[in-house]
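Undergrad: Please work from the sequences and hints to get the whole structure.
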Amino acid sequence: MKVWALHLAVVAALFALQFVLPPYHATNLARIMVLAVFAMGYNIAFGYTGLLSLGHAVFFAAGMFGMGLPVWHLDWTALPALITGLAAGGLVAGAVGLLALRTAGVSFMIVTLMFAQAGYLLLLYFGAVTGGDEGFVVETSSRSVFGWNLSEDGPRYVAALTLFAAALLSCLWLVRSPFGRVMVAMRENEDRSRMLGYNPFRVKLIALVMSGLYAGAAGAVYGLLFGYVGATFATIQYSILPMLYVLLGGAGTVLGPLLGAAVVFYLIDITSAFTDAYFFVVGASLVALVLFAPKGILGTIRERVAAWLP
Amino acid sequence: MAAVMETIALTRHFGGLRAVDGVDFRLTQGQIHALIGPNGAGKTTFVSLLSGRIPVQSGQILLEGKEITHLPAHARVHKGVAYTFQITSVYPRLSVFDNVALAAQSRSPKDVAAQVAEALAHVGLTGMEALLAGTLSYGHQRLLELAMGLALRPRVLILDEPTQGLAAGEIEGFKRLVRSLVPQTTVLLIEHNMELVMDLADQITVLNFGQILASGTPAQIHGNAAVQDAYLGGHHAAH
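In order, the protein sequence lines correspond to chains A and B. Heads up, the first sequence is in numbering that gives the first Met the number 0, so the first residue is 0 and it goes up one at a time. Heads up, the second sequence is in numbering that gives the first Met the number 0, so the first residue is 0 and it goes up one at a time.
Hints were generated in silico from the structure; no laboratory data involved. Yeah, the Cβ is synthetic: ideal placement off N, Cα and C, and Gly gets one too. Be aware that one or more of the hints could be misleading.
[Unchecked claim] Derived list of chain B stretches under chain A, where covered just means 3 residues or more per stretch with a C-beta under 8 Å from a C-beta of chain A:
hint : segment
1    : 70-78
2    : 93-100
3    : 106-120
TA: This is the structure we're talking about:
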């Protein structure tokens with residue numbers, strides 16, 4: 000009860016914020032919410048199942064291009080394109096998982112990194128179809144759902160919040176379900192879990208596909224809300240960012256990805272006004288985090304005062 | 000009597016070490032069967048082959064007459080072979096409830112809470128559901144490990160040195176517990192405590208250098224000169 004109330008209150012507070020925040024910050028928050036969905040997907044793989052991936056950018060980009068390409072080339076409308084984006088994220092995650100999950104630990108990191116690089120280079124190689132390193136703009140006329148024009152501030156915020164709320168509540172449901180328990184068991188002790196009758200490969204593959212669906216949905220919605228699809232979203236930076244969000248907010252906590260995304264976003268936003276070396280600040284805060292609160296913000300809170308936090 | 004599990008010429012070598020070397024073994028339905036032998040005799044390797052943790056090199060494993068030699072470990076669990084670890088291997092950062100629930104839901108997703116309550120009651124850990132497993136005493140962690148095995152409702156329960164590190168009083172309770180499992184469950188027990196083995200087991204198999212040295216009732220094993228030499232410290236072994 001307490002748990003659901005807290006998460007619903009967060010969604011309600013985010014809904015109310017759009018009436019209070021100035022437009023600049025409302026747009027930032029819409030961006031943060033979509034990136035938080037990406038990070039929630041990363042958290043399902045890394046935080047709950049223990050799969051440290053360095054290749055999630057390719058799932059995000061799969062969602063973005065899975066949405067953008069049919070809109071650009073086939074004149075699809077937004078809604079079916081969102082579905083192909085979501086599916087593309089899950090499909091690519093499944094294909095990568097089938098091969099990469101034969102490895103574990105450091106090898107898994109390297110293999111996923113290689114897959115993401117291969118995906119990035121494929122996007123550049125087929126530049127005639129994908130727009131290459133310039134990417135392409137999603138026409139405003141294609142960016143409406145149920146008559147709402149998502150290029151306008153109000154509908155954009157509500158669309159971002161809708162995705163976020165759906166992702167948050169289904170993530171909460173997932174991690175409290177029997178399968179969520181198995182994901183955690185796999186993270187904690189794979190050998191023991193096998194001897195309780197769980198097939199580690201199958202559990203990890205399902206977790207990775209769900210993670211990919213989250214990343215794909217986030218990528219598709221990001222492209223639609225902000226009107227641009229490009230190969231830069233497949234670069235290593237977009238594999239590192241969700242990891243940063245999750246580590247900072249608290250790996251294995253449901254609200255951690257939102258908190259981490261917001262903190263990192265504003266850290267970059269504020270420091271980039273003063274210096275070009277804003278990634279230095281992000282790096283320094285990560286070092287501080289690892290030294291003083293290795294479980295992230297919510298992970299530390301859970302450990303010290305609120306053990307009930309999922 | 001019917002064999003619930005059987006091995007034929009089961010073999011596993013590690014380089015030059017013949018850890019398990021052509022073992023023909025029968026586990027009779029409903030009995031408590033102890034596996035004994037000196038350190039390095041191949042006991043843990045042998046039960047690891049039975050449970051599927053280590054792949055078989057050659058030979059066969061049969062479960063109720065059907066071959067399971069190459070079945071992966073997680074699939075054997077679903078066929079009714081449960082293994083509890085020699086080194087206590089509960090999930091220390093999960094609650095007692097979650098530890099047992101993981102076993103229970105693996106077998107059947109229905110009424111997990113009731114299954115957990117039953118398994119915990121069986122080992123006497125009722126009321127500790129909410130505690131983190133890592134905060135339990137060592138003896139209680141061993142009991143939790145056993146509860147996880149029971150929640151799988153196995154046909155064959157393999158216990159790898161279950162009393163290691165337990166206090167004398169806890170061992171008495173453990174004996175009662177294991178006796179209460181048969182004949183529904185067949186128990187295969189690796190154990191160093193000879194007093195316990197002689198008291199508890201219906202059948203004893205002695206392994207030495209990866210091969211079966213002797214097999215029989217506790218009385219037969221007790222009187223076996225070869226066993227005394229190799230293991231029990233008979234007069235030949237004294238010097």
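Undergrad: Work down the list of hints and note, for each, if the structure agrees.
TA: Here is how each hint holds up against the structure:
no. : hint    : in the structure
1   : 70-78   : holds (count 6)
2   : 93-100  : holds (count 3)
3   : 106-120 : holds (count 3)
Consistency note: the structure conflicts with none of the earlier hints.
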